[in-house]
Structure formats: structure tokens, C-alpha cells
Amino acid sequence: MAQEVLPTKIPKAPRALKRRPKTWDSRMPWLTLLPSIVLLGVFVYGFIGWSGYVSLTNWNSFIPTLTWAGLKNYVTVLTSFRFQSDLRNIFYFTLLFIVGVLVVGLILALLIDQKIRAESLFRSIFIFPMAISFVVTGVIWSWLLNPTTGVNLILKAFGITGPQWFLSTRFVPPFHLGQINIGVPIALLAVVLAAVWQMSGFSMAVYLGGLRAIPDELKEAARMDGASAWRTFWSIIFPNLKGTTATIVVVEAAASLKVFGLIYAMTGAGQDFSTDMPNLNMFQTTFSGDAFAQGAAIAILILILMAAFTVPYVLSVLRGER
Amino acid sequence: MVMRRVNRTLVYAALIVAAILYLLPVYVVVITSLKSNASVSLAQMWTFPTHASLASLRDAWAQLGPNFGNSFYLAIPATILSASFGALNGYALTKWKFRGANVLFFVILMGLFIPYQSVLIPLLRVMDSLGLYNSIPGLILVHTVYGIPITTLIFRNFYSLIPDDILEAAKIDGTGYWGIFRYIILPLSMAGFVVAGIWQFTQIWNNFLFAVALTNPPNQPVTVALVNIAGSQTVQWNVQMASALLVSLPTLVVYIVLGKYFVRGLLAGAVKG
Chain A
171 MAQEVLPTKI PKAPRALKRR PKTWDSRMPW LTLLPSIVLL GVFVYGFIGW SGYVSLTNWN
231 SFIPTLTWAG LKNYVTVLTS FRFQSDLRNI FYFTLLFIVG VLVVGLILAL LIDQKIRAES
291 LFRSIFIFPM AISFVVTGVI WSWLLNPTTG VNLILKAFGI TGPQWFLSTR FVPPFHLGQI
351 NIGVPIALLA VVLAAVWQMS GFSMAVYLGG LRAIPDELKE AARMDGASAW RTFWSIIFPN
411 LKGTTATIVV VEAAASLKVF GLIYAMTGAG QDFSTDMPNL NMFQTTFSGD AFAQGAAIAI
471 LILILMAAFT VPYVLSVLRG ER
Chain B
-16 MVMRRVNRTL VYAALIVAAI LYLLPVYVVV ITSLKSNASV SLAQMWTFPT HASLASLRDA
44 WAQLGPNFGN SFYLAIPATI LSASFGALNG YALTKWKFRG ANVLFFVILM GLFIPYQSVL
104 IPLLRVMDSL GLYNSIPGLI LVHTVYGIPI TTLIFRNFYS LIPDDILEAA KIDGTGYWGI
164 FRYIILPLSM AGFVVAGIWQ FTQIWNNFLF AVALTNPPNQ PVTVALVNIA GSQTVQWNVQ
224 MASALLVSLP TLVVYIVLGK YFVRGLLAGA VKG
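Sequence lines, in order, name chains A and B.
Whatever position you read off the first sequence (first residue = 1), add 170 for this note's numbering.
Residue 224 in this note's numbering is what sits at position 241 of the second sequence, and the numbering runs on without skipping anything.
Just so you know, these hints were derived from the structure itself, not from any lab.
Please note that a few of the clues may not be correct.
Output of the computed footprint for chain A on chain B, the stretches with three or more beta carbons under 8 Å from beta carbons of chain A [as the list claims (entries may be wrong)]:
1. 67 to 73
2. 88 to 98
3. 128 to 137
4. 227 to 239
Derived lysine-lysine pairs resembling BS3-like cross-links, with alpha carbons at most 30 Å apart [as the list claims (entries may be wrong)]:
5. B:K154 x A:K428
6. A:K285 x A:K389
7. A:K428 x A:K285
8. A:K412 x B:K243
9. B:K243 x A:K389
10. B:K154 x B:K243
11. A:K285 x B:K80
12. A:K412 x A:K389
13. B:K243 x B:K78
14. A:K412 x A:K428
15. A:K389 x A:K242
16. B:K80 x B:K154
Because the structure is a prediction, the values reported are computed rather than measured.
Glycine included, every Cβ here is placed at the ideal spot set by N, Cα and C.
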């Protein structure tokens, strides 16, 4: 991985620095970073390699059997009903969650950017859910979205029969592909709702930063030209938020691929794995099922998904800095 | 002008509706926590308790109290340690240009984006063989190490705002690497430590995965204890909500007092900072 980032052009060190004899001070930055590099080298890169190795063995019982199994565990995982359900769920969850935080975050940011009173109060209200734990959110929302009470009670007051939320067994549209129903599991919507409540403060804050970075002259010029607010938004503001949006998408996608505590506390794997996630699958396969090699295979598959999002992003940010 | 006033009214109306929606869960948690076992019912979820009772909170505290000790014992040292690593790394990466700085930063930064499931099996084995499995010191080590990427990022962004000119003068005066850190950088680092500290404290306090994977009773942090209460056989919504409230209080207090710095940590997660 490091090979890819070797800078194409390394900024030349100033001459004076080059001629200076090697001193302790010039080695100090390396020595300072060394403990962190060693720790992360072991705990991140080493452990990932170790997991990768475990995923290629027969260690699927309580006794570590580290005999070579090739890709057998990956085949088992990828063909299992549970993991295929997970892939459907994580796809819909990530998609709906990202759309949710983008739309909600942008609307809130636009409202707050209207030079309002009590701006910091409103900002604080929209961001505070980020300060609490995902498991707290899970516990609270399993009460709020309990089909016999909570939100459904309010809906009932308006004469609407609320959905079964996370207890629902419906898929929309019901459509089978192989063994999997590939419609959106309604139960998953409950989790998306809770996750958007918790995480939209982030997108709001980032969008607000993005909006404030657009020069006032641009907006002013559009207004002078007689553009409507709607037109100004789509022609001036929105195009200027592209980079901001990309940032939010990557960060929230990474958060979405890490989702674990929320599911664990709110719904668990759900009926027919309708709210299961790869992370929960990995955890239960490994620690409840003692199928360590299969758990490791799931972990590596999650890692690959994550890398596909984040590596290009981090590289482009670091390149842009130079 | 009339249009403008109508627009302003709409903006405020929308903001107030949104604020109410965001605060609804808080309302439900608080009123449910203040209900006694007898007065909590599914039909009356939204109604205010006729008389406030602290019984649920007392019940929740009786179950969670010891875990609070664990969480503080975990979060405070791990926060200080990971923030210190971050400060040292940030200093080395920004104030002393050297070959490979960007590669090293990339190597550190990618640790921020790994799904922790991908390290969990080896982590358990290593903690076990170090005798740190099922112990708070073990969790301190884990959160310190996996906290390094974000604290390094926060301090790197923070230190890059300190102009290099100040350092050049000190270098000419013959002040060395540690002297500059100690006498110039460190006194300017307060805000950086607050941002990194708040962020790490919140993350570690709220973490569930490492806690549930690496500890058993009675060494579990509050998040695991909360899930245990929520998952117990008898469903007592009032006690669950009271527990959820108690578990959230420390991080919420920090957020309310130092919210500005929390948001800066939040935005650092967007890498650019």
C-alpha cells in the first residue's frame, strides 16, 4: 500500500539543511514516530495479516486448527444465506443512510446559514446525538419504534397505522434472487432512522463549513442577476458543495460499514437476518459459533469493502495537500 | 419585504420543528426515567408522569454504578495516553520536514478507517497471552493504540496552523528538538489537547465492540452493562431509559460545556480538518 503513495516529486530539501551534518535532532522525528509505527504496525497491519492467515485455515472450532484450507471459508461465507442477506442489508443501509444524512444535513445547514438568531443553540441540538453511544441510541429507538407504542401511537392519533418497524418481516419490493429476497427489508428502515438521527449532525456541520466557504460575492452576483433562490442554489451553491459532499459520503460510508453497536442493541440479526450486518455476523460466527476461520473471512471481506471507499479518498486528500 | 418576512418565519418554523424532532427521544427518555414501575405503560408512553419518581434512576444506578467506575478508569488514562501520542506525532510530522513524512502519516492514518472486526481475533489472542484479557488495563492499551490515528490527525492539523517562523528563531538560538517541543509547542497546545481529549473521551466512553469482545463481568464498561440490562428477560422500559440516560450523562455534560471543541474533533474526522 505504501508503495502507491511514494510521492512522484519529493519537494527538495533546502540546501542549507542538506549540508548540515546528521545530528540527533534530525533523527528525532523518526524516533518520535517509531513507537506509534511499531504499535500500529502490530495492532493494525500485523493483526490484519494474521486475520487474513486465519481466514485461510481450518480453525472452525474451539481448538485452533491452523491447517491450510485455501479459500474454503470464503466460499462457505459467500454462499451462505446469512452473508448474502448481510450484503443486501449493508448495501441498502449504506445507501439509505447516506442519502438520509446528506439530505437532512444539507437542509439543516441551509436553514442555519440564513443568518438566524440562536444559531449555536440550533447547531448544538442537531449535533448532540453524536456525543452519545450507538448502543444508547439503539436502546432508545427500540423503545421509540416499538410497534405497539412510541411513534406508532402518534401516527395512530392521526389515523395512520404505523409499520411494524424493526419487527417487520416485509421486503419491498419482494423479489428473489437465488435464496435471497433482495427487496428493501422494512425492518432495516427503523435502523436507518435511528442512525440518521444520530449522525446527521456531522453532515450538517460539514455542509455548514462548505456553505460558509462559498464567497458571498458569488451569491450576491447571482441575486443581482435576478436569479431565484432556487436557481441560485442549483447553479451556484450546489456545484460548490461537491467536494464537501464527497467528504461526507466517504466518512459516513466508513461509519456505516462499521455499524455494530446500534444493530446489536436495537434489533440483533432480526427475523431471517433482515437487519443483520457483516460486523454482527463476524462477531457471532467467531465468538458464539467458534468458527474463527469463517469469522476471519467475513472480517477480511468487510475490510476490502472499506478499503474500496477509503484508500482512494485518503490518497487524494494527501495528494491535494502537497 | 412581506415576502422576506414570510420567508424568515418559514425558516424559523422549520428549524423549530426539526429541533423538536431531534429532542423527542430526549423527552421520552427523561419522562420514562421518571416513571415508577407501576406507572410506565405502553399506552401512556408520551404522557408526563403524574408524580416524578426517582425509583427507576436509583434502580438503574444500582446496576450500573460499578460499571461507571470501570468506564472512568478506562476512558481517562486512555484519553491522556492517546492524546499524548497524537501530540508527539503531530509535532514530528509538521515541524520537522523529513523524507517519508507523508508515507508515515498515511500508514498511521489508515488505522482510522479499518473495521475493527478485522483485527479482533488476533487482538483477543494477544491480550490473552499478555494476561490483559478481561481487564481494564487491557482496554486502556487497546484504546490508546487505536486512538493514535485520530489524535495524530487532530494534532497534525492543529500544529500546521502554528507558523514555522517561531521555530526557526528558536533553532537558530540552538534550541533542540525537545526544547522546542517543551518550551514553544507545548504551551501552545492547550486547545489541541482539549479537542483531542474530548473526542477520545467520548469515543472510548461510547465504545461497545472492544468492551464486549474483551471483558466479562465485573470488568465491563457501562455500554456493555446497558446492553445487558436492555437484553434481560424482564423488560422494564423505565429502568432501561434511566440506564440510557445515566450512560449518556458524562459525554453529554462534556458536550454541553465544551461543544465547540467537540465539533472541531468531529470535523477532524473529515481528514481535511
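Results of checking the hints against the structure:
1. 67 to 73: holds (count 3)
2. 88 to 98: As far as the segment 88 to 98 of chain B goes, the hint holds, because 10 residues have Cβ atoms under 8 Å from chain A.
3. 128 to 137: Since 5 is at least three, the answer is holds.
4. 227 to 239: It holds, with 8 qualifying residues against the three required.
5. B:K154 x A:K428: violated (44 Å)
6. A:K285 x A:K389: It holds: about 14 Å lies between the C-alpha atoms, which stays within 30 Å.
7. A:K428 x A:K285: Status violated; Cα separation ~36 Å.
8. A:K412 x B:K243: holds (25 Å)
9. B:K243 x A:K389: Distance of about 28 Å is within 30 Å: holds.
10. B:K154 x B:K243: Since the Cα atoms of B:K154 and B:K243 sit roughly 34 Å apart, the hinted pair is violated (cutoff 30 Å).
11. A:K285 x B:K80: violated (42 Å)
12. A:K412 x A:K389: holds (16 Å)
13. B:K243 x B:K78: holds (26 Å)
14. A:K412 x A:K428: holds (24 Å)
15. A:K389 x A:K242: Judged against 30 Å, a Cα distance of about 59 Å means the pair is violated.
16. B:K80 x B:K154: Given pair B:K80, B:K154 holds - Cα atoms ~14 Å apart, limit 30 Å.
Hints 5, 7, 10, 11 and 15, counting from the list given before, are not met by this structure.
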